[in-house]
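These protein sequences, in sequence, are chains A and B. Per my numbering, the first sequence starts with residue 149, numbered consecutively. Per my numbering, the second sequence starts with residue 668, numbered consecutively.
There could be a bad hint or two in this list.
DMTMM-like cross-link-like pairs, simulated, lysine to aspartate or glutamate; straight-line CA separation at most 25 Å [to be verified]:
| # | chain 1 | residue 1 | chain 2 | residue 2 |
| --- | --- | --- | --- | --- |
| 1 | A | 297 | A | 268 |
| 2 | B | 808 | A | 261 |
| 3 | B | 774 | B | 805 |
| 4 | B | 768 | A | 268 |
| 5 | A | 275 | B | 806 |
| 6 | A | 313 | A | 217 |
| 7 | A | 321 | A | 245 |
| 8 | B | 774 | A | 276 |
| 9 | A | 321 | B | 748 |
Covered by chain B, according to a simulated footprint, are these stretches of chain A (three or more residues, beta-carbon under 8 Å) [as the list claims (entries may be wrong)]:
| # | segment |
| --- | --- |
| 10 | 192-198 |
| 11 | 286-293 |
| 12 | 309-317 |
Just so you know, the hints here were simulated from the structure itself, not pulled from any lab data. The beta carbon of each residue, even a glycine, is placed where N, CA and C say it ideally should be.
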Amino acid sequence: MGRLACLLTLLVALLAGAVGGCSKGESSAVGDAGVPVDPVLLAFLSRARSAHHIADQHEEAGRLEQAVDPLQRLVDGPVPGGNALSAPAEVREVMADTLARLADLKSQLGRQDAALQDVERGLQLAKETTYFRGHLFEIRGLVEERLAKSLEAKGEKAAAEEAKKRALDAAEKSMAIQAEVIEKATAPGAGR
Amino acid sequence: MIRFAWVGVVALSAGCATAHKGAPPASPAGAAPDAPESQGLSGDPDAEAGSEGKKSEQSAPGGFAQPAIASLDEAEARLGEHASRLSGALSTAKDCEVARKALESMKRSRDRICDLNGPEDPGARCAKARARVDAASEDLKRGCGS
């Protein structure tokens, strides 16, 4: 416990820039440890956490439509800096992750077009090779798979085959991105 | 002067003082005890003796007892080293957490590919996906130990 207290204290010192001597200028939204220290950013992250918590409760109770609401408000609401595309990486990652979850929920509700639009919106925010980009492709694969199944059930075989092909492509793309993420994260010297 | 500087360093890492509490003994009984850090700095044990609570805190079994710090520069350098190590450890933990999440994502995609491509596996897409997950699992084991 005492060691934990020591670690947390040093962490706080790091975040505050007390050890690293980082400036208090507007550009220092992210501390030396890569963790946000900007109060506006912290407020956004807190809001996101609450939105996901509310969505969790609705989803666990099977109320998918209600689970969508708080997440939709989050991605349509204000973001630090005013523009999600130029927001700090943390904000874009939270937005991308939320859009992936929204896409999954909407897809389960049978709204495949809206789900695919959320995926596209997320991919605009997660352009680098990150877990979040890989996850968005994973969700695209999932949505296309559900679309393929629903088209097949309607007897639209050609369209179902097309959706299935897109699902496979998206899943493979996702795997390629995540493999690269793992390779980078575990390479000798990465974060070490 | 040095003493005040030390107080500053201690204030910065306030929680560290509690780390000494209840820590396992660093040296066997009978061995020369590590000098309390504040004594080493002030050079005035009497001044420190006035604070009984502080003294007992520092003379408690000290698994994390440090050698005396001779100057503020040394204290700052030591704090900087600890901060750097902590930062590195946090970064490693974060990398491994991301890698584990990425592997879980890969496994879900592999299952999707194998399901969609059917048992005949045209183009060996399922087989390739499986091989990719195996390789990534090895990377993760090698880099993160699990």
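Hints versus structure:
As the CA atoms of residue 297 of chain A and residue 268 of chain A are separated by approximately 21 Å, the hinted pair is consistent with the 25 Å bound. Taking the CA atoms of residue 808 of chain B and residue 261 of chain A, the gap is near 39 Å; set against the 25 Å cutoff, the hint is violated. For the suggested pair residue 774 of chain B and residue 805 of chain B, the alpha carbons sit about 14 Å apart, so the restraint of at most 25 Å is met. A hinted pair counts as satisfied when its Cα atoms are at most 25 Å apart, and residue 768 of chain B with residue 268 of chain A qualifies at roughly 21 Å.
Between residue 275 of chain A and residue 806 of chain B the alpha-carbon distance is near 24 Å, which keeps this suggested pair within the 25 Å criterion. For the hint pairing residue 313 of chain A with residue 217 of chain A, the CA-to-CA distance comes to about 31 Å; that exceeds 25 Å, so the pair is violated. With a C-alpha separation of about 17 Å, the suggested pairing of residue 321 of chain A with residue 245 of chain A holds against the 25 Å cut-off. Restraint check for residue 774 of chain B and residue 276 of chain A: the C-alpha separation of about 21 Å stays at or below 25 Å, so the hint holds.
Our distance criterion of 25 Å between C-alpha atoms is broken by residue 321 of chain A and residue 748 of chain B, whose separation comes to about 41 Å. For a cut-off of 8 Å, the count of residues in the segment 192-198 of chain A with a CB near a CB of chain B stands at 0, and the three-residue condition is violated. Counting residues of the segment 286-293 of chain A whose C-beta sits closer than 8 Å to any C-beta of chain B gives 4, which meets the bar of three, so the coverage hint holds. A stretch counts as covered by a chain when three or more of its residues have a beta carbon under 8 Å from one of that chain; for the segment 309-317 of chain A and chain B the count is 3, and the coverage holds.
Of the numbered hints given earlier, the model fails hints 2, 6, 9, 10; all others are met.
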